[in-house]
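Colleague: Given chain A, work out where chain B should sit, using these hints.
Chains as they are written, first to last, in the UniProt record's numbering: chain A, 1 to 538; chain B, 1 to 708.
Some hints could be false.
Said to hold, decoys possible - Simulated restraints, written as ranges between beta carbons of each label pair:
1. A:473 - B:617: 18 to 26 Å
2. A:3 - B:388: 34 to 42 Å
3. B:650 - A:473: 20 to 28 Å
4. B:380 - A:505: 48 to 56 Å
5. A:238 - B:567: 41 to 49 Å
6. A:495 - B:535: 44 to 52 Å
7. A:495 - B:4: 26 to 34 Å
8. B:424 - A:470: 28 to 36 Å
9. A:452 - B:431: 24 to 32 Å
10. B:377 - A:76: 16 to 24 Å
11. A:3 - B:424: 41 to 49 Å
12. A:445 - B:384: 55 to 63 Å
13. B:424 - A:76: 47 to 55 Å
14. B:633 - A:470: 20 to 28 Å
To be verified - Here are a few chain A residues that sit away from chain B, every Cβ distance over 10 Å (derived from the structure):
15. 41
16. 56
17. 92
18. 131
19. 132
20. 247
21. 328
22. 374
23. 392
24. 439
25. 447
26. 451
27. 511
Claimed, not checked - A few chain B residues that don't get close to chain A, going by computed Cβ distances all over 10 Å:
28. 19
29. 43
30. 184
31. 387
32. 388
33. 635
34. 659
FYI, nobody ran anything at the bench for these hints, they're computed from the structure.
Cβ coordinates follow ideal geometry from the N, Cα and C atoms, glycine included.
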Amino acid sequence: MSPLRIVLIGYGPVGARFVEELLPAVRGGAVALTVVAGEPVEAYNRVLVAEYAVGNADLDAMLVGDRETAEAAGAAILLGVRATRIDRGAHLVHLSTGEALPYDRLVLATGSRANVPTLDGVERPRRDLADLERHPDRLVARDDDLPAGVTALRDLDDAERVLAAVRGRRRIVVLGAGVLGLELALAAAHAGAQVCVVHHGPHPMPRNLDRGGGHVLRSALRRTGITVIAHSRAEAIGFRTDADGTRRFDMLVTADGKQVRGDLLVLSCGVSPRNELATLAGLRTAVGVVVGPDLRSWSDPDVFAIGDCAQVVERTDETAGRRILPGAPSGLIGPGWRQAEHLAARFAAEAAEPAIGSTVAPLPPERDAIVMLKAEHVDVVAVGDVSADPWDDDALSPRRRVAQWADPEHLRYVKMVTEDGILTGFASVGMPRTAAELTLLFERRAELPADRSLLLRFDGPDDDPSANADAFAPEATVCWCNGVTVGRIHESAACGNTTVECVGRDTRAGTGCGGCRGRIAEVLARAAEADGAPSLTA
Amino acid sequence: MAAETHCPYCALQCAMTLTPTDAAAAPAVQGAAPAAPVTVAGRDFPTNRGGLCKKGWTSAELLAAPSRLTSPLVRDADGVLRETTWDAALDLVAGRLRGIRSEHGADAVGVFGGGGLTNEKAYLLGKFARLALGTSRIDYNGRYCMSSAAAAGNRAFGIDRGLPFPLTDLDDSETILLLGTNVAETMPPFIGHLTGAQAAGGLVVVDPRRTATARLTDDGQGLHVQPAPGTDLMLLLGLAHVVIAERLVDDAYVSARTTGFAALRRSVAQWWPERVQSVTGVPAATIRAIARRLASGGRTYILTGRGVEQHVDGTDTATAAINLALLLGLPGRPGSGYGTLTGQGNGQGGREHGQKCDQLPGYRKITDPAARAHVARVWGVEPSEIPGPGLPAIELLGSLGRPDGVRALLVHGSNLVVSSPNVAEVRRGIERLDLLVVCDFVLSETAALADVVLPVLQWAEEEGTMTNLEGRVIRRRPALAPPPGARDELWLLHELASRLGSTARFDTDPEAVFEELRLASEGGIADYSGIDYALLDSGAEAFWPFPRGGEGSPRLFAERFHHEDGLARLVAVAPRTGARPAPSPDELTLVTGRLLEHYQSGAQTRRVPELLGAQPDARAAIHPATAARLGIADDEPVEVANERGTVRCRARLTTDIRPDAVFLPFHYGDEQAANLLTSDAVDPISSMPEFKTNLVRVTRLVEAGADS
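Chain B with its partners taken away, still in its complex shape:
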């Protein structure tokens, strides 16, 4: 049977049809890579229109990969991970968790989730943490992706849905400002939606690197500006300054639909374009030209990505982008708007239903008594039984093995010793733990450190829902049976909960879990109560909020914003002095990011031969002029180092990067992990770490014994 499902990777959630092949039954030939048990075909869908990128086309290869885990593993007395039975593994985990909990309290057990989990798993994981474990200590890797944009969206609009409009709305726009996002490599089918703006000469890409996306502006199709890393906020303040100074503000919109204009105007008065030029490296004339283009009245969008959000001032930077959009009257205007591009497959749904430390299902605040009462009713417990707010990811990881910290950690859908900032410190924290349990389908770098590894299902084997970057709820459907030994995380949570003596309900059927999620989200900001599997299976479009008996919401903000008074908030923001140290003459600014061929920590894509073959290892991208100064030739081994750690990899010389920066992809582990170099300093509002402007020194690596 063929299954109509969606890609396992990014938030575009391209539709694909998986058709089982004979290989699914036939045994693998000795020595040869096993054939994929399903074939992949693109399927028509608004985001991908039948197309897929390289990652999607090769996604099935991992299903039968020899590296696939099919048995629980437990570390034995010799420190070796050995196969065991599910009962033995689960009994062990439950026993250890009970012991740690009774000795150190419930908050000594932590849970680390992921933005790739289905809505059902994300929801049940949050419930499991609060009720079965009784811990407040749950957070997830979305803290590294969407938290700044989410905080900014909530602050300005009272709601956080990445794109408050369907992606196809971009198709016939005339101007699109892309800030810090390289969609041509990270979600390639997206660029099909940029062609309208390109044809109108209005694609403006802001990126310190001349990325594949930046090249889409070539030949008069738009403009690429290359601010110095870490200066996006000032650039946005300068754009707002020009919009106000040149009277390009949509006055009627600003007075009818926003508050805070006077303070905003005052805050940007001091960011005239020449001043902005002196800190960003973007010429004043360019700043004026962009502001005028954005204000020229056509169909105009402003979109942000991790490049401007993954900073210690990420929330303020996203806020500055929203302020600009509001000044121009874009949000809610047909054919215009502001959005942030969610990255992980279920990065949107994953941040709505209780994996965040301060949140309950339906995007409810865990500190709000009414929200607690509602969720407690659905869960059949007293509100007092739901723990309070926990710690955001970096604080959670910082507490590992510390007095009063987390002593046992359960990891779901995350490879945190590759994806977390300052990973050397995270590895040390993991060493201090009494117990690390990792649920994954391959032995990721994190799983390799675990005491217990529990093998779980892949996307093509499971049922559930995902919420893509548009806030569109879609179905994930199984195309084949899982290999014997691998188990669904819903089942696993159910089993653990009953071994822990929890009386709360942990369904193993995804549809039953979704039905509960509907009730739990009802009346919340992210209200799913009007959506069920039958509706989704009918092919109907379902954008949240979708209240029971009502309709979905493809486009938000046409009438009002989601604050009580219906108005959007213009929030004056300013660069904080000392937010980031200035580079000394021999330092470069490290920018981390993605490659076309790999996804997140690379745990999956590095195990797909075609993808690994194309990008087998990390390369540090350096400008030839900088390389010449440092005596580095193309392809030579280099060390990229700072006080936190050292990455050893080969150099790639390219004029696509600014001479004052170096780029490293973050998809690799061990000594190539870019996050050995990143700081765990965080944004004060969103707790987003600083991934994009860490200072490093690059040196040519002279191998021991080598001449020269």
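For reference, chain A alone in the conformation it holds in the complex:
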């Protein structure tokens, strides 16, 4: 039996996971795998790009793909080679080298690219079918050129530009107050850069936080020295001309006339799937490449998509007729990795036993993804719809309950939304233990304790049950080695054992590791004081 020929386009973290999971089948000869990597470097963890951009992480520590092992297993990994066109009729992928690769199964893991907003002064090409057919060289598998001093934050080149600005302690303007923009802003500010965040919503992270959480977060950002300009729609870019004649970014101009000056503008306005190969090949695309829950393209049974470029929509009579499809790629790594594992398992099964492949159960739908702000001193975790307020009386959700804690002065806020006691969403700012526990409860669909304040106490000083316990209460343990309590020492003292040694002989307290002898003396001294008798141990 000849091996199943699989071509993967894209070698980001999701592509790398797909390769890793498929290696046993490649090694066994059932699958012939070729990876068209695009970027000239090995797969790296994009989650850490902001860290890299402020000098906190090395590329080495971000690499996730094991190219050597994959190649040793027999996979071909074409670094720096781009796919330029898919010929579905001939089952061929055309490459930037002029070659063409035949495939039985094609997997798109092309990821996404940073959105460039409409700004006077920045060219923003469209990627509809007509434009793609007219300018394939410029538009397919390539990102857009931005003016000097303007960058997105998506790949290593972007990160290098930011790093130079951070190192030079330059003024950095971040456009957008989503998670990625704020992570960069916080990391850069922490590294010593002057940072200004401009966004058009009422508060940062508007997609994830309610008003209360957003306001506490804004205060937290300001306390780290970041300037936050809300309610501001960016409209244009002003340029200055360097001594060498380069036109570079000078200021961001907002719709209401504010001029925000800086040395580097970082665009953090979300991402869009890299769909252009699919669009050119006539595959159904919406926000991303449209695939079913089995990750197979609606348009071609031999084409699949995973990760940031894949939009999973179940094909029903109803959805098939719709022009606009629901949902969008999550843009998060977790679902992408699960898709990669699932698809690799499916192909491995199919290669071993063609009949099996089609019977693999589809991937269960993803729940709302938990969003966490990765930053040193600001802790934000949120998931689900947290717009409801405790006093809302919503006839549509009679079983919804909202509990909330707000302490803006100390930058703490948490809101928990439950449906029948089960957590459906929460937002937490400045309460890391609470957030971590809520995350687990959400993942497990667990019921919240009836007393929600239990969850707040994790971040309070009385989280430690021993701290508010009386160390000299009769039931408090003094000697752990021998399990001797304060009460037992009192009894012993009442029988005339008034020194540490005597108590030790009587109760064995202090006769293990000996670490509690000081406390025994203290217990005896207090007991003697209470009796009004002179202490022998003081």
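Modeller: Same frame as chain A, but now just chain B:
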């Protein structure tokens, strides 16, 4: 005469002096508990410095306990265990074993040993199984304790000595990371060695429970982190991620002394702290803080215990801890290191000399032709006469009474119907047996099921050696004569071997057995050949490996690791998907563990009145918030149940446990046996069962006829 010996219980092997009292001679007063025949006094020794815990102080009470067995017991036609003579019992056992062997083959006889046996007994038991019984089917209860850490240590370092340094090295450390170990209750004198790290504010305890050990971090002495049960591996991957990402790696050490860094780096790249937070419940900032503390360059130790090892991914979790230590350059650096805390009294020596199914004395592999040739020479047989590898404990027990399985089982120093996972299944297996022979000094739950019970000696009556958690070989010495009727296991093995027609040598004198063990271990990983009783009696310290004519090895790894190339292995590990099912909303995660007052299955400590009085029965520890949801009040009877079984006990409400977990001590038998609930799923490398993350439902037990 006073005997200088060591405690019968844990691997700390605290030194004690036993002095016979008049009670040893006087008859017990009617109705009163007999007085202990020896007094116990702590003795100065590096691990305990003269102190003892409650278990040690009361250890002599069992010597004269009325429950002590002093005559062989044989089950009669009515199913009742009745006293008989040694000759009758041994003839019966030997006859039945011969019959079963000739009908079903040698592998139809199995042996189950224990980590509490002296080195001499453990060694001779392994030899007895292979030569007198000719069976490959031997394994032991250490499979439930140390096998994951052992597998990880062997994989990384090429050697498995729990602590590769003396315990006192911890004294002046600045940072100690304790993973899944509650030393304050399990081996209390140990905590005297943590005071340095506490004073430096650097004691970090990782435990889902706020244990007595976790409380040692209070008041600025360190940090307690409470990951969700079963997520230790991810936490360790996150720590390694931060160490690499923040360039805290000891690069010179890693490049000079290890291999595998590139793959390790890649494997942890995907475990950034926020991702780890979302699975462990430990805040990302805490993960970073711990990593930075560990890397701050002071004297730093990482120590693991059963809490992180007794899992279906226990080997990988221990490996992740070792990887972290290697990244930081700790193992072999003076004043720093990695270690695992052996639990059973001779848990270290017991895993070195042939009780393991795949092993021959000296920590030799039974599949290695050179090892077989060496041991065969010492034993005076052909290598072909030594059976091949057998089955690890869970598989061995799973084969009881099955076609081609074990039909007769000899049990030494183990109470396996309390300590094994999924004990209901083990009990069913025992019912299927043709013959169960149990050697013990009390009628443990397992002995009570036996066809033949052979009464053996207690620690204060016997001679031998033990190897403690430091790899330090020490002497056990008798303080008094055994009661008439109880016999030494060495004698018993000798008698059985000759009744089975074995021509191999089975000495009854412990020193003679040790001399043979020296020869058998010579040149092996755990080389004891340079140690003899005279050396130990001189008070000299003896850490293995101790080659003949050479010196002992208090500290390993200063120059090299024990792989052929001298390098340690960084082994990339990852959580296996589906390794453990996620709890559904009405399930809690069961964590099993220990109490201060009891040891192992409790067969001994539950017979000491003071210890039983303090902890008379099992209590299920539940968080008050969870209890409120379930309608359970403190001290109320509850049922803890899953598809394997049901434990009935009382509830103890405490904020020391996470709201998503329930804790049960495993020291109790019958319907309070925590292991009714544990799964016999095992780690694929070490065959360690999953003791710590089983899913259960807890309900208030409404007694029949009661209102409400």
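Colleague: Indicate, hint by hint, whether the structure satisfies it.
Modeller: Evaluation of the provided hints:
no., hint, in the structure
1, A:473 - B:617: 18 to 26 Å, "holds, 24 Å"
2, A:3 - B:388: 34 to 42 Å, "holds, 38 Å"
3, B:650 - A:473: 20 to 28 Å, "holds, 22 Å"
4, B:380 - A:505: 48 to 56 Å, "holds, 54 Å"
5, A:238 - B:567: 41 to 49 Å, "violated, 59 Å"
6, A:495 - B:535: 44 to 52 Å, "holds, 47 Å"
7, A:495 - B:4: 26 to 34 Å, "holds, 32 Å"
8, B:424 - A:470: 28 to 36 Å, "violated, 43 Å"
9, A:452 - B:431: 24 to 32 Å, "violated, 50 Å"
10, B:377 - A:76: 16 to 24 Å, "violated, 53 Å"
11, A:3 - B:424: 41 to 49 Å, "holds, 48 Å"
12, A:445 - B:384: 55 to 63 Å, "holds, 59 Å"
13, B:424 - A:76: 47 to 55 Å, "holds, 53 Å"
14, B:633 - A:470: 20 to 28 Å, "holds, 23 Å"
15, 41, "holds, 13 Å"
16, 56, "violated, 7 Å"
17, 92, "holds, 32 Å"
18, 131, "holds, 36 Å"
19, 132, "holds, 33 Å"
20, 247, "holds, 37 Å"
21, 328, "holds, 22 Å"
22, 374, "violated, 5 Å"
23, 392, "holds, 25 Å"
24, 439, "violated, 5 Å"
25, 447, "violated, 5 Å"
26, 451, "violated, 6 Å"
27, 511, "violated, 6 Å"
28, 19, "holds, 16 Å"
29, 43, "holds, 12 Å"
30, 184, "violated, 5 Å"
31, 387, "holds, 34 Å"
32, 388, "holds, 29 Å"
33, 635, "holds, 14 Å"
34, 659, "violated, 6 Å"
Of the numbered hints stated above, those contradicted by the structure are hints 5, 8, 9, 10, 16, 22, 24, 25, 26, 27, 30 and 34, listed in ascending order.
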